Structure formats: structure tokens, C-alpha cells
Amino acid sequence: MRNEDGARAAAAAGEPDRAEVPGLAADLASASEYRPPSAAAPDSASTPDSASVPEAEGESGDRAVEPVAPVPLAARARLRPALGAVYRAQLSRARVARIPLLFVATFQSLGIMVLMRGVVDGGAEARAVVSGASVLVVAFVALNLLAQYFGRLRADGGLDHYATLPVPPAAVVLGTAAAYASFTVPGVVVTAVAGGVLFQLPLAGLWVLAAVIPLAGAALAGLGAALGLLAPKPELATLCGQLGMSAALLLGVLPGGALPVPVRWVRELLPSTYGVEALDRAFEARPQWGEAALDLGVCAAVGLVSLAAAAWAYRRAAVR
Amino acid sequence: MSTGTTRTGSSGSGSARPDGARAPAAREAAETPGVPGAPAAQAGPTAAAVPEPEPGAPPAVRLTGLVKTYPATRARRGSPGAPPVRACDGVDLEVRGGEVFGLLGPNGAGKSTLVRQLTGLSRPDSGGVEVLGHDLLRHPDRAARLLAYLGQESSALDELTVSLAAETTGRLRGLDVRAARRERDAVLDELGLAPLAGRAVKRLSGGQRRLACVAAALVGERPLLVLDEPTTGMDPVARRAVWAAVDRRRREHGATVVLVTHNVIEAELVLDRVAVLDSGRIIACDTPGGLKTATVGDGVRLELVWRDRAPLDVPEVAALARQAAVAGRRWTLRLGQDAARRAVTAVTDGPAFAALDDFSLSTPSLEDVYLALGGRGEGLVRS
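Protein sequences, first through last, are from chains L and A.
Numbering-wise (our numbering), the first sequence opens with residue 181 and increments by one.
Numbering-wise (our numbering), the second sequence opens with residue 19 and increments by one.
No wet-lab data here; the hints were simulated from the structure.
Check each hint, because a few of them may be wrong.
[Claimed, not checked] Simulated restraints on C-beta separations: (1) Pro412(L) / Arg258(A): 38 to 44 angstroms; (2) Leu474(L) / Thr87(A): 51 to 57 angstroms; (3) Val255(A) / Leu383(L): 58 to 64 angstroms.
Please read these numbers as outputs of a predicted model, since none were measured by experiment.
All C-beta atoms in this analysis are idealised placements derived from N, C-alpha and C, irrespective of residue type, glycine included.
Could you build all of it, start to finish, from the sequences and the hints given here?
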């Protein structure tokens, strides 16, 4: 019943206009053809390359004298291959330029754990230290370094390169974020295993890292990318990235229960916290996987929102 | 026209061209009724009539009434504020299919602003941008599917190897892996970059880095190439490779090329037509030869450098003095061919020659055109 009504309403509202006013119909057709690339991105992945067909519409009104046949458009880069290409390029770039930084990130976390070894002796506190230090590696690379990267790229005009290629913004943002996140894998694994050994925690649950790294990585990298692309100046992007990482350090490593209430709220707001909590549960003798899954769900949701925000920010930054 | 004799300090440097070169040229153009460019020269930097494209050659690019103003910046501590800048001031332009079209002008003339609007990187305040039959203001996302753009920055490619930079750009231009690799290899060979394929772009010299960026821009065929100062910093071999590669694309695929340059020599060599920009306006647009004929006629430029001071007691020299743009010891004269011959005879004889340090006689260049049209003339490169 409702469907019929809808169809009738559409026929009453839309169709006659289209039939009677060809110019408007063309406008409508072109308006529906044009989608903001952030919205078009997933779609363009699923459509095969219909792009070689000229997407011309009848906008010949002011050009009756000299009609110019629109040249066929080249194919768009589809989401998945483009994402793959960006990922591969970024990873190769990371291999050259970021390895020293990965060492810094890992040694920083190892150092924190060694320091805390003197203060903490096992139990919940030890779990918090190890999982906080492990996720800190992700925060350092995905949040801090990515914010810096995009901030710089935006400031010095490097975004022009991507903006003049027919690539969905999501591919650039996701590919870069994924490359940064995967780059943290060795550091996180080393930190988690070393921490587990240092504090004599059970290592059997560490397989959960396979979910923690990509999901915490998505959340933090999305945040980093959005910060880098939204900050009006690259210095500000760097500052925000650093602050975010410091927050992840302090609020991640210290167990939540001991903190004053306002600080605990801040801790709840930080997406890295949920990665830390999930990993924390994996170190328990009898892990509660349901709770861990819930934590990781929060990471995934934050990741989704922040990556979408970053893709939007990219589009905004690309056209000035 | 009163700026002819400023900047006396430039007399010491041999290569610096005095601003004054403009004055006699304009004067001669004004005195010659038959010269078609004379009104433009008299009118100074006002919008000149852009030649209509030949019928049958559909425009590849059509810009109509483009206006772009950058907003004023507020003064902050340490940096004074700046008034709003009209970087693009009512530009109308048509580029024909298959031609190499140049935008010539000094730094800050609005060349890059213009191509940024053409490539969809920047939206004009008003006006129209149409590329190969597509309205890019209505469909900005189509720009990337019609044209390849080489910007001035390489930071997106800096940390990749030359090979990966070209391949990735090809992939992002919609090629599949095999096509991207095939084109990458072809372009690297064509530009002579194959020996550097494995090096990171960042580690190359300035000219090589630029060449790597050109390679990335050329992977994945596009009917329109928009190149912003592609050969900056390149050695002659690399330049020749770039022009050969660009020309091949034009010859074999009918590609149209829009080129930004501030190098007048290069502009004369490679461009079919050139638009001269000054302060956001097009002050002339024609073939390099046509512009020269229209604005500076068939005259030649005579430069005289005196040892100490000009021997004004020689009557011929005194006569020349009235026509010369004087910058210290250096005189620049725009003369007809006969007058130039007589002037050379006069100054290479007797007391005048004794006072003469150096002289040169040259045919007009695009720089003369630029100056004759009222351009400011600073920042043009001649090499």
C-alpha cells in the first residue's frame, strides 16, 4: 500500500516535469549523475567501467552555433585497486622513511614497561601497563605520524597530485591509514610479547592482536588523518597528533580504576582506550571475549566515523 | 609610459635587462600607424582581443570570464596584512584541440591560479570552465578523467621510487596493474629515466626530480596535459626529452597541451600559441611570431654599453639618445632595420666607438613583446 502511494506521488511530482521540460530533465539527469566523490566512492567500486561511454547531457542551449561533442571520459580508478595502489606505495614509502620512527615507537613502549616493572607487580595493573604500552605504538604511528603526514601534504600542495587523479578520496585516506596501521604490526607484537614475558602474563590470548591492530588502527588512523586534513596549519596538526598520543600514553598505561572521575571520562572518550581494554582482557587468565568484542566494536565504529570524516576533509582540502 | 628610465642600478650586471626596453618599443609602435598591435601597446595592460579559433577546430579548453579573488589576510605579529588579490581578472581563453598553448608571464601574474581553475583544484568566483565539451564547474570530478596535471609540488611522490611513483600514478589514473607497468616502462624509457627507476624521488637532483614528476604525469593517456613549469631546473637533454615526449603525444594521440612557463626562450621554441598574462589578465594572445609582428614589428633591439658616459657631442649619438631607454651606462633601443644599421655604423666609428664598451643587436623575443604590451618584465627567465 505504502509503495503504491510512493510511486503515485513520484509520478505526480517528478515524472511530468521530466517529460515536459527537456532542459530540466537534463539538469536533473546530470544532477543525479553527479555525486560528491565521497558518496560516489563505494559505488564506483561496484560499477564496472561504464566510464568510457561519454557522459554527455543535452546542455547545448548556449552553444547551438558550435556544438562540441564531449570527449569520452577516461575510466575512474575503482576503489579497491586504487586503495591497493595507495597502500602499496605508502608501505614502500614507510619502509624507507619510517623504520627509525618505528624503532622509536617500540623502544618507547618497551622503556615504559621496564620503568613500570619497578612500580607494578602483576595483576590488573600489569595487564593495563602491557596493553597500554602496546596500543601506544599504534597511537604513535597511526595518530601522530599520520596527522603530521596529511598536515604536511595539505600545506605544501602535495594533495594536488591526488586531487587531479580520478581516485575516490576514500581510497587515498583508507590506503594511507591502512599502510600506517599495518606498519605498526611488528612494534605492537614485539611490545605485547615482551610485556607478557616481563610481567609473566598468559600469552595465549594474544591472537586478539589480529583484531586489535586493525580496529584500533582504523580508529586512531582515521582520527589522525582527519586531524591532519582539518587543521588549518601543519604545525597545528602536529600538535594535535602529539597531544593525542600523549593522552593515549597517560590514559592507556594507567589502569582506569585508579583515576579521578573527570580523567576517567576523558579516558572513555579516547578511542585507543577501547583497544587497550580489549587487549587487557586477552591477558586475563580466563578472558571474557564478549566484552573484548564490545570494546573492539567501539573501535570499529569510531574508525568508520573518523575515516568518513577524513575522506570528507580530504575532499574539502583538495579544492581550495 | 613614464617608467622608461628607472632602475639605474642594473647597469652593472651584464645580463639584467633594464625595464626601460619597453618605452622605445611602445613609442615606435605608436608612431607606426600600420602596425596592428599599436593600439594594444598604447593601451598598456588592458585586456587584448584574443584571436578567434579557426572554424572547424573545436576548442579543447574554453574559459569564459574567469574571476578569482584571494581574500585579504589580516595583519599578524611579524607579518603585515595583505589586501585582497584578484589573481584572475576576467580571463577569456580558447585553446584549440591539438595545440601546445602557453601561458607566459612573470611570477605572480596569475598563471598557476588560472591552471588550478582549469584542473578543478580551485573554483572561480565567477566564469565558466569547459574542457573538451565538459562543463567542469558543474562536474568538477570530471577534470581528473580528462586531463593530466603536473603541479609545482612533488611532495606526494617524494618518498617513492621513480618507478613506483609512475606506476602508482598510472594505477590511480584507472589503469590496471599490467597496463600501468607497461606504460611506466615506456615513459621511463622515453624520458631517459630508466637508470634512475629504483631511486627515491627525494634523493634525485632538482631537475631529475622534476623529470620523474613529468613521467608520472604522462603515465595513463589523457587528451589534455596541463603542465605547470615542467622543465624547471632541467638540463638541456632532459628538456629535449620532455618536449619530444609531449610532442609525440600530440602527434600520435592528438593531445592538447596547456603549458605554464616564465621562460621566454622555451616559449618561443615549443608553443603554437601563447597568452601573455599580467596581473591576472591576458594582455595578448597569438602565435609567438604573430605577437612579435603585431607588437614590435620587424624592428630589432640594439643595446649599447658605454665605457664611462655616452659621447653626446657626436650628433648621431645625441640623436639616438632621444630614442634610448637609459639605464646607467646601458642604452636599449628598438629600431627599424635600416635605422639599426645606420646606428651601428655610427657608433662603431671614430670617437663614439672609443667610448663604446659593448653592443649587441638582436631580433625581437617574446620578452620584447611582453614589455611592449606593458608587462612589468621582472621575473622572466631567459635560458
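Unmet hints by their number, sorted upward, for this structure: none
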